[in-house]
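**Q** Here is how the chains run, residue by residue.
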Amino acid sequence: MKKDKSAKKHLMTGNEAIGEGAVRAGCDFYAGYPITPQNELTAFMSYRMRQKGRVFLQSESELSAINMVFGASVAGKRAMTSSSSPGISLKQEGISYLAACRLPAVIVNVMRGGPGLGNIAPSQGDYFQATKGGGHGDYHMIVLAPGYVEEAMSLTMASFDLSDKYRVPAMILTDGMLGQMMEPVEISKYKVKTSGFVKKPWALTGAKARPAQSIKSLFLKPGALEDLNISLQKVYAEIRSKETRYEAYYCDGAKFIVVAYGSVSRVAKAAVKSLRAKGRRVGLLRPITLWPFPEQVIKRLAKKAKVFFAVEMSAGQMVEDVRLAVEGRSEVHFLGRMGGGIPSQNEIEQEIARLHR
Amino acid sequence: MFFKKRFESMASAKIFKRPKSLTDVPTHYCAGCGHGIVHRIIAEVVDELDIRERIIAVAPVGCAVLAYDYWNFDTTESAHGRCLAVATAIKRIMPDNIVFTYQGDGDLAAIGTAETIHAANRGENLTVVFVNNGVYAMTGGQMAPTTLIGQKTATTQNGRNAACDGNPLKVLEMLAVLDGVTYLERVSVESPQSVIKAKRAIKKAFDNQLAGRGFSMIEVLSMCPTYTGRSVEASLRWIKERMSKDYPLGVYKDRI
Ligand code: SF4
Numbered sequence: 040m041k042k043d044k045s046a047k048k049h050l051m052t053g054n055e056a057i058g059e060g061a062v063r064a065g066c067d068f069y070a071g072y073p074i075t076p077q078n079e080l081t082a083f084m085s086y087r088m089r090q091k092g093r094v095f096l097q098s099e100s101e102l103s104a105i106n107m108v109f110g111a112s113v114a115g116k117r118a119m120t121s122s123s124s125p126g127i128s129l130k131q132e133g134i135s136y137l138a139a140c141r142l143p144a145v146i147v148n149v150m151r152g153g154p155g156l157g158n159i160a161p162s163q164g165d166y167f168q169a170t171k172g173g174g175h176g177d178y179h180m181i182v183l184a185p186g187y188v189e190e191a192m193s194l195t196m197a198s199f200d201l202s203d204k205y206r207v208p209a210m211i212l213t214d215g216m217l218g219q220m221m222e223p224v225e226i227s228k229y230k231v232k233t234s235g236f237v238k239k240p241w242a243l244t245g246a247k248a249r250p251a252q253s254i255k256s257l258f259l260k261p262g263a264l265e266d267l268n269i270s271l272q273k274v275y276a277e278i279r280s281k282e283t284r285y286e287a288y289y290c291d292g293a294k295f296i297v298v299a300y301g302s303v304s305r306v307a308k309a310a311v312k313s314l315r316a317k318g319r320r321v322g323l324l325r326p327i328t329l330w331p332f333p334e335q336v337i338k339r340l341a342k343k344a345k346v347f348f349a350v351e352m353s354a355g356q357m358v359e360d361v362r363l364a365v366e367g368r369s370e371v372h373f374l375g376r377m378g379g380g381i382p383s384q385n386e387i388e389q390e391i392a393r394l395h396r
Numbered sequence: 112m113f114f115k116k117r118f119e120s121m122a123s124a125k126i127f128k129r130p131k132s133l134t135d136v137p138t139h140y141c142a143g144c145g146h147g148i149v150h151r152i153i154a155e156v157v158d159e160l161d162i163r164e165r166i167i168a169v170a171p172v173g174c175a176v177l178a179y180d181y182w183n184f185d186t187t188e189s190a191h192g193r194c195l196a197v198a199t200a201i202k203r204i205m206p207d208n209i210v211f212t213y214q215g216d217g218d219l220a221a222i223g224t225a226e227t228i229h230a231a232n233r234g235e236n237l238t239v240v241f242v243n244n245g246v247y248a249m250t251g252g253q254m255a256p257t258t259l260i261g262q263k264t265a266t267t268q269n270g271r272n273a274a275c276d277g278n279p280l281k282v283l284e285m286l287a288v289l290d291g292v293t294y295l296e297r298v299s300v301e302s303p304q305s306v307i308k309a310k311r312a313i314k315k316a317f318d319n320q321l322a323g324r325g326f327s328m329i330e331v332l333s334m335c336p337t338y339t340g341r342s343v344e345a346s347l348r349w350i351k352e353r354m355s356k357d358y359p360l361g362v363y364k365d366r367i
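These protein sequences, in sequence, are chains C and X.
Under this note's numbering, the residues of the first sequence are numbered 40 to 396, in order.
Under this note's numbering, the residues of the second sequence are numbered 112 to 367, in order.
These are computed hints drawn from the structure, not numbers from a lab.
Just so it is clear, CB atoms sit at the ideal spot from N, CA and C, and this is done for glycine as well.
So the derived label-pair ranges between C-beta atoms look like this:
| no. | chain 1 | residue 1 | chain 2 | residue 2 | range |
| --- | --- | --- | --- | --- | --- |
| 1 | C | ALA82 | X | VAL288 | 27 to 35 Å |
| 2 | X | PRO137 | C | PRO125 | 39 to 47 Å |
| 3 | X | THR266 | C | ARG279 | 42 to 50 Å |
| 4 | X | ILE126 | C | ALA82 | 57 to 65 Å |
| 5 | C | GLN90 | X | ILE222 | 29 to 37 Å |
| 6 | C | ALA46 | X | LEU160 | 50 to 58 Å |
| 7 | X | GLY261 | C | ASN268 | 40 to 48 Å |
| 8 | C | ASP266 | X | ALA345 | 38 to 46 Å |
| 9 | C | VAL237 | X | THR224 | 33 to 41 Å |
| 10 | C | ASN268 | X | LEU321 | 38 to 46 Å |
| 11 | X | GLY361 | C | ALA248 | 40 to 48 Å |
| 12 | X | ALA265 | C | GLU286 | 52 to 60 Å |
Please put together the full structure from these sequences, using the hints given.
**A** This is the structure:
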């Protein structure tokens, strides 16, 4: 970007914003495989990464892409892959290995309708997969869910830093709506990262002036794997206590709180705004980190709020975390659409009116 | 007398010792297993080429998964079959390092076939040591893609039958037609002579990478006494008399 254009806004899709965020965060390696609705991101990376002299590879499969990311991370470099729901299912084994080997990486899931091949319409059906593990074993990813195109860029940049800091893979969880729609982004606000990178003495760069080292997740000695798991859980506890992000909209003193993330949170916000204008004491809590989930905030809000109302583009996945956070203190209700259906503002308002008399 | 003289003259020329690239620990491999020999050949070659400090090895899932305990250079594990995806990224991002994968037949020729073919076809500047012992050894001797017709395994108890179990997969023959491939040679480690040849081939495969010549794979017919021959001697004979008949030794491609 030229300086004189610095305040200029650029019209970008969410997919491109994620790509540009990755490049600005110093992503050295990207591998991807075609799948709709994230193809714009792979196409963007194909020229932008090579323009920057970095590595772009179109892999032969999703398995290969996630394991290429594994390799780049072994070498201590910032690495990213992206896909959409079925492709993300294929990456699960690799993500489990990344988590076990304590390797940072960023995985982008631009969700589509499922299960199975499903369709290419937006969905939030992969919440469980993203936040509860997805692959085998006890592990977590840091999961960030942008609500706006610009936030897709800023959260992608943040995801690299968080992943490096904790040596835990991070996921950008978004959907086909946000991935493919365009919004203005003030790109120059997001400075290219040139310093402040976390040192990675664990990386494999050759046993020069130090003993040979290895990266592995096989621990056969009795107790050794349990020790690894205990140390992982400690890291997860620290992330839980320090890295929760959310947006609270009219939540103070609200009696009725809508909980929604990603694209659908925008529809929910419009509904809350309209009801506020009519004098209803309704608020919106938008989790930005889905893992760690803003459970403490919900617990606090539950002191005042009688009703929590989760709105999702799924059969009801995040709502379970809302229920857990509320611990029975308030009522929890749910509105969801599946397989590419998107709740309308009207639908949400009517349901709130019915529940919040 | 003759042997004594011979030994003395050899000893004065070269003292047999542990390569620097091999750690001083006993391996977990069974008696007569080929893995120890192949590990050692690699370690000697790495020392001779003076590249120990530049090596990043990728270990497979299989009996050789613990290779990182035996080599004295940087080594990463890989998910089953994905060694060449992992290695591709490491080499692309650090082209000055020397990257090789060490893979078994199940890893390279069954679950990882796609990674094998595509890394080869992209012409990645990598060295692959493919240890073909004809069985899935770590899991208890099941049929591998390279199991011979008639060979008894845990999952082909009456012997591999092409009609129901498919045919042995000939990896080098298959890769030879790909434009991206530079060098393919099949060797074995069933005798001192064959070990010397194997070492020469593996050295050439590393040399190719050092010179930026592209994709090299050495297939090593190797012994798994535990699941093929049952005795060390019988398994050496098995390689010589059976396996190398179906998998002929030699150079399959040499673009240099
Ligand atoms: S089972 Fe076979 S391949 Fe595995 S260590 Fe024993 S002899 Fe070697």
